[in-house]
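**Student:** Same order as they appear, the protein sequences are chains A and B. To convert, note that position 92 of the first sequence is 92 in UniProt numbering; the numbers rise steadily by one, no gaps. To convert, note that position 1 of the second sequence is 1 in UniProt numbering; the numbers rise steadily by one, no gaps.
Some hints here could point you the wrong way.
[As the list claims (entries may be wrong)] Calculated pairs, SDA-like style, for lysine to any residue (alpha carbon to alpha carbon, straight line, at most 20 Å):
no.	chain 1	residue 1	chain 2	residue 2
1	A	Lys57	B	Arg292
2	A	Lys57	A	Asp32
3	A	Lys101	B	Arg292
4	A	Lys101	B	Gly235
[Claimed, not checked] Using C-beta positions, here's what the derived DEER-type ranges look like:
no.	chain 1	residue 1	chain 2	residue 2	range
5	A	Gly89	B	Gln286	17 to 25 Å
6	B	Glu82	A	Asp42	41 to 49 Å
7	A	Phe87	B	Gln97	58 to 66 Å
Simulated from the structure, these hints should not be mistaken for laboratory data. Note that the Cβ used here is the ideal one computed from N, Cα and C, for glycine as well.
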Amino acid sequence: MSSETQNAPKVHVAVDEIRLAQPFSILLTVCDDVAVSEVRVDAIMPAHQHGLNYAPKITALGDRVFRADNMLFHMPGLWELRVDTNFGGRSISYTSDVVLK
Amino acid sequence: MKVLVTAAFVVLAGAVHAEVLLSDDEIQQTLSFGPWPISFQSDPSNRVSNDTRAIALGAALFNDPVLSVDGAFTCASCHDPEQAFTTSDARAFGRVQLDRNTPSLRNLAGLRWYGWGGKSDSLWAASLHPIIEEHEMAHSKESLKTAVSESSYIDEFEAIFGDIQIQDPELVLVNTAKTLSAYLETLATGRTQFDDFRDALENQDLAAAANYPEAAQRGFQLFIGRGNCVLCHNGPRFSNNEFHDAGVPYFLSETEVDDGRFGGLNFLLSNAYTLDGNWSDDPEKQGAWVVRSVRRSHSDFGTFRTPSLRGVAETAPYMHDGSLIDLDAVIRHYSEIDTERLHADGEAILSELNLSEQEIADLAAFLESLSKAP
């Protein structure tokens with residue numbers, strides 16, 4: 001995922017198949033060795049000015065790996081995935097674009 | 001000799017005329033609207049889902065006035081099996097005229113939301129509310145228990161659920177709703193011309209696909225292309241089953257509005273009959289994540305659940321208030337949509353399409369093909 005913050009720890013996102021209007025999960029891995037105190041996940045459709053209809057549920061799996069469940073993209077098009085993190089007091093946001101057919 | 005030549009000519013002419021108009025990309029997109037029918041999965045929150053005795057009892061109760069407090073109505077009074085499980089009234093008539101159009105009850109198994117405003121998250125809850133709603137069947141739990149006990153269905157009911165006298169009235173209500181739900185799960189629309197087209201494309205049988213009328217093909221191209229219909233009407237049911245503002249006025253009178261999804265969520269979150277509640281029969285509470293994590297927003301106001309378009313030609317009039325009399329009127333509504341009137345702030349999806357008469361006819365031909373048997 002990309003971040004506007006300089007020298008931000010790397011965050012990797014893994015997704016299986018995303019089916020339109022069906023729930024899916026994503027796996028987030030913080031690649032650098034930092035203490036993670038918070039992870040929040042959200043998504044918006046920039047073209048339609050709306051976001052997710054359901055709040056993603058975050059589970060910490062250990063080793064700086066997090067799973068977000070109950071993600072649901074209810075329309076086809078460009079979604080911007082947003083991850084907000086807090087690394088020991090330092091808030092950093094990441095985004096990643098997903099195009100759904 | 002001459003006869004043979006003519007015959008060959010006719011065949012050739014036919015082959016030239018019928019062709020598949022879709023691009024490779026469009027063909028790929030077509031596949032996402034099937035396959036049809038959807039394979040049935042029984043409802044884990046309803047222990048009598050897919051039970052033949054419950055289905056038979058549900059079907060009988062659906063058509064019997066015993067479910068209304070004074071014997072004045074049956075479910076079928078509004079959801080008429082002879083009229084695709086709806087009626088041609090713009091708004092339903094119960095004890096008074098209701099605020100909304102009666103939806104057809106086909107293809108409801110396994111949805112995430114029920115009702116125009118999504119006030120139920122299961123089919124059994126959506127079948128329960130009309131029994132006790134004062135403008136519909138108007139029973140209380142107690143009067144329902146008495147009515148079922150004294151009815152000719154008591155043996156069937158007890159064969160499934162045991163002695164009714166030791167059941168709390170609320171349990172009788174939920175059990176009754178679950179038989180109705182078991183029945184409603186069996187109602188589905190059949191295969192259509194569109195499904196044959198879609199399957200032929202999947203099998204790369206372009207000759208068979210070319211049997212789908214060209215007007216319907218052009219209408220479908222508009223549907224997934226410039227018309228943007230596919231943004232909300234997608235998947236095998238032609239619905240994302242979420243809530244949107246399609247530009248239909250939501251005023252009930254000069255002073256009252258239909259708050260749509262906003263009111264639906266208020267209702268859902270304040271009643272006991274959800275997949276997260278004690279009346280679900282699923283120990284794992286699958287599906288409860290929906291009511292637990294659904295977000296509320298002021299833009300829910302005046303949005304309605306995207307209706308499925310399967311069998312749509314049989315269920316006029318249209319929209320939550322039945323205000324559009326036929327498919328032509330619906331297409332013209334989208335073509336001329338007044339974006340100033342879109343109330344749900346934010347969603348910038350619909351815009352005036354300014355369709356030509358030819359395009360309107362093509363879209364109608366496509367929508368009608370979703371009802372036509374192959």
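**Student:** Determine for every hint whether it applies to the structure shown.
**Tutor:** Hints and how they fare:
no.	hint	in the structure
1	Lys57(A) / Arg292(B)	holds, 10 Å
2	Lys57(A) / Asp32(A)	violated, 23 Å
3	Lys101(A) / Arg292(B)	violated, 28 Å
4	Lys101(A) / Gly235(B)	holds, 11 Å
5	Gly89(A) / Gln286(B): 17 to 25 Å	violated, 39 Å
6	Glu82(B) / Asp42(A): 41 to 49 Å	holds, 48 Å
7	Phe87(A) / Gln97(B): 58 to 66 Å	holds, 60 Å
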